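Student: Single-letter residue listing:
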Amino acid sequence: MLRSTSLCIGLSPTRLEVVVASDRAVVRAAAVELDPTEWEGYWADGLMPLDALLASLMKRVGARRGARAMLYHDGPDATAMLASCPAAGDAALRAARLQAVEALPYPAFGNPVSCSILDRDASGDPPRTHVLAAADRDDRAQSLYGLLVRAGCRPVLIAPMEAPLIAAAARAALDESCRPNDVHMLLGERHTVISAGNGGSLRCLRSFDLGCDLLLEALVRAFHPVGHAAPPTTGERERAREFLHTRGIPDPDGVIDASSGLRGSAVLPLLQPIIQRYVVETRQTIRFGMSHSDLSRVRLVLSGPGGRIPRLAELLSNHLDAEAVVSEDAPKYEPGACSASLRACVERPLPALNLLPLSAEARRVGGVLAVGVRAGGVAAGLLLAADGARIAHHRAALDRLMHANAPIIESIDRAAEIDQRAAELAARLADAEASLAATLGEYPDWFATLRQLAAVASEDVRLLEVTGDVGREGPALTVRGIALAGTGAEGQEPLSRYLEALAASPLTRSVQLTSTRNTVLDEAPARSFVLRAQMHGLPHPIVVAGEGKP
Amino acid sequence: MRHLIVRRVAIETLVVGTIIAGGWFGLLKPLEARLATAKARQAAQEVKIEAARKEDASRAVPPEARLRELTARAVEIDQQSKASGEPAMLYDTLTGAAASHGVRIDRLDPKRRATGANRRPGSKTEIETVEYTIIAIGTFDAVSRFVAQLEREIGLTRITALRVAPRPGDSPQEVTATIETSHFRLVRSLLEPDPRPVSPAATTRGTK
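As they're listed, the protein sequences go chains A and B.
Numbering follows numbering that gives the first Met the number 0, with no gaps: position 439 of the first sequence is 438.
Numbering follows numbering that gives the first Met the number 0, with no gaps: position 108 of the second sequence is 107.
Be careful, since some hints might not be right.
[As the list claims (entries may be wrong)] For each label pair, taking beta carbons as the anchor points, the in silico distance ranges come out as:
no.: 1; chain 1: B; residue 1: Leu3; chain 2: A; residue 2: Phe108; range: 54 to 62 Å
no.: 2; chain 1: A; residue 1: Pro406; chain 2: B; residue 2: Ala42; range: 17 to 25 Å
no.: 3; chain 1: A; residue 1: Thr518; chain 2: B; residue 2: Gly168; range: 51 to 59 Å
no.: 4; chain 1: B; residue 1: Ala113; chain 2: A; residue 2: Pro524; range: 25 to 33 Å
no.: 5; chain 1: A; residue 1: Gly470; chain 2: B; residue 2: Gly168; range: 28 to 36 Å
no.: 6; chain 1: B; residue 1: Ala32; chain 2: A; residue 2: Asp138; range: 37 to 45 Å
[Unchecked claim] Partial list, computed: chain A residues near chain B (C-beta under 7 Å):
no.: 7; residue: Gly365
no.: 8; residue: Val367
no.: 9; residue: Ala369
no.: 10; residue: Leu397
no.: 11; residue: Gln419
no.: 12; residue: Phe446
no.: 13; residue: Ala456
no.: 14; residue: Glu458
no.: 15; residue: Thr466
None of these hints come from the bench; they were simulated from the model.
Owing to the predicted nature of the structure, the values given are computational and were not obtained by experimental measurement.
Built from N, CA and C at the ideal position, the CB exists for glycine as well.
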């Protein structure tokens, strides 16, 4: 969650801190002490009185405008709790939310409530999920959000300071190395968390509003001159804080301030009620949270920012009649450095626990949704573009293919057109040829016929008239002539020979002598005759030429 | 506040969705349609090419060659038709042929002219007929050659009747031939496209 140059801001009634963090480590820190008596006033004014302080702190740490800022605070209505739910996942989160809502002193509706799963204890029956829940009033969250925005930050997280304390106490109790009789007491500035565990399972955890800031306030009052009307100065507060963490709970006879003659006996009455409250709360927690109430068997392990306050462990041990030790993990006090609570927030953040105001959260979610919509739109646009490119590519490939095929298609079309023209012409030709064949009919070859007649004629046979016509029975030839009578050398009449020769001609189908009459030719007996020859008809050459052609 | 954000997100979603839908409907869908059309055209091209390949493989004579043959035949018939159908040309041919064979034309009488008299039922071919009576005088041999030229070389000509008789008088070698001819002409050239659509049945041959 933390990235380079992110800001972590801590706000409590006694302190305003700004930390520049990088990779979960504090880089620079600056803090200013606050007067707790002004705390309510700050909130009443929407934290605007803190604007200048925060701006100066940011300037001191060199924070840039627009930096991501996480704010941990001890706001008056901010609360955090640990809910151990016999469920897992979302069911555990919902159960914890219900539990937190029921515990709230104000209506949950309209106020930010956030839950984060801390750990899962599978050893129990049923297994439990430890969920850290936090809530605040929305107007408080708005004030905090406004404080950050006015300071030029970009708020990304707002959470109660108590939450990291509870988380740390829970982790300490859930640690496998935790001894059964160990009771972890995590002393924060405003809250104290007591937890106990057993072999990885949580036996009890209780947080109460009692922190070492109360001890600090007691010391501040002690250091402040009696009867002085002005509020304690920042210097007095810093001196008291240093005294608390370096010298701790004073002896009654010990000298606290030699210049003013302030002794321990004057301070202890102010501290004693607070220590008593620690004792009472611890005893009650152990009594109700542990299975036994024998404090002599309990070892109190002190940790947290107030864990190393000198003599506090000893006093608690004496009052509780139990062993009390300081944990090695308890942070050492470093003057001028950031508070241990805020350092813990930097080092072990809880990113899922966020109490941003609902409007800001809605704006954030809306922004995320809007970004999602735009990203989706861009993705869809890219998809459309990719699809368009694919289509264009495919189309180009098809166009190339069709372009390559175009000459082939053109030749096919040309061939089809030629085919069509040929078919039309063939039809016209067929029709014309059939008509011509019917019209021209079959006629004899007149030239060949005349030649034939001339060839078979002789001195004995003279032709007087040749008539040809085409009658109903086909082409016919009528020949009128005179032939010498009597037999010749061959013992046959010339007319008979002539008839035979004519009948033998391939042009003639049949020859018929229709009449003969005796007459005289050149003073010799002769026969005048009329014969009719049926001729073979032939089609016209143009019709013959067309046969066998396509 | 939440309502405003929800409305803003809804409006953004609507705007983005509208832009995307508009882009899809306005650009991609027409592109898809054009692509589908191109695909169909390309597929049709392939089918056409394949069919043409098969047809080419099964065709004995290329279409150009077939059209050339048919055209040549049509030209031949048209020329024959023209030779026997043009009166002036026919007259010149007849007299020329007679002169070339030493035959004198004694008479050349056109008998009658008829169109469509021999038209077959359903045929589109119109044939005009001109009939002549020719009286020619010459030797038998010359008349024979004249007859040969008449029936073989003067287009669509038929000799329908013939009478040859020796010429009386002082020319015993000469004969008088009375020749009746019919000359046919196609009213429309075969190379002229048919003004009416050709019916599929008319494309078949073998109607002689």
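Student: Now look at each hint and say whether the structure bears it out.
Tutor: Results for each hint:
no., hint, in the structure
1, B:Leu3 / A:Phe108: 54 to 62 Å, "violated, 19 Å"
2, A:Pro406 / B:Ala42: 17 to 25 Å, "holds, 19 Å"
3, A:Thr518 / B:Gly168: 51 to 59 Å, "violated, 22 Å"
4, B:Ala113 / A:Pro524: 25 to 33 Å, "violated, 51 Å"
5, A:Gly470 / B:Gly168: 28 to 36 Å, "holds, 32 Å"
6, B:Ala32 / A:Asp138: 37 to 45 Å, "violated, 59 Å"
7, Gly365, "holds, 3 Å"
8, Val367, "violated, 10 Å"
9, Ala369, "holds, 5 Å"
10, Leu397, "holds, 5 Å"
11, Gln419, "violated, 9 Å"
12, Phe446, "holds, 3 Å"
13, Ala456, "violated, 10 Å"
14, Glu458, "violated, 14 Å"
15, Thr466, "holds, 5 Å"
The structure is inconsistent with the numbered hints 1, 3, 4, 6, 8, 11, 13, 14, although it conforms to all the rest.
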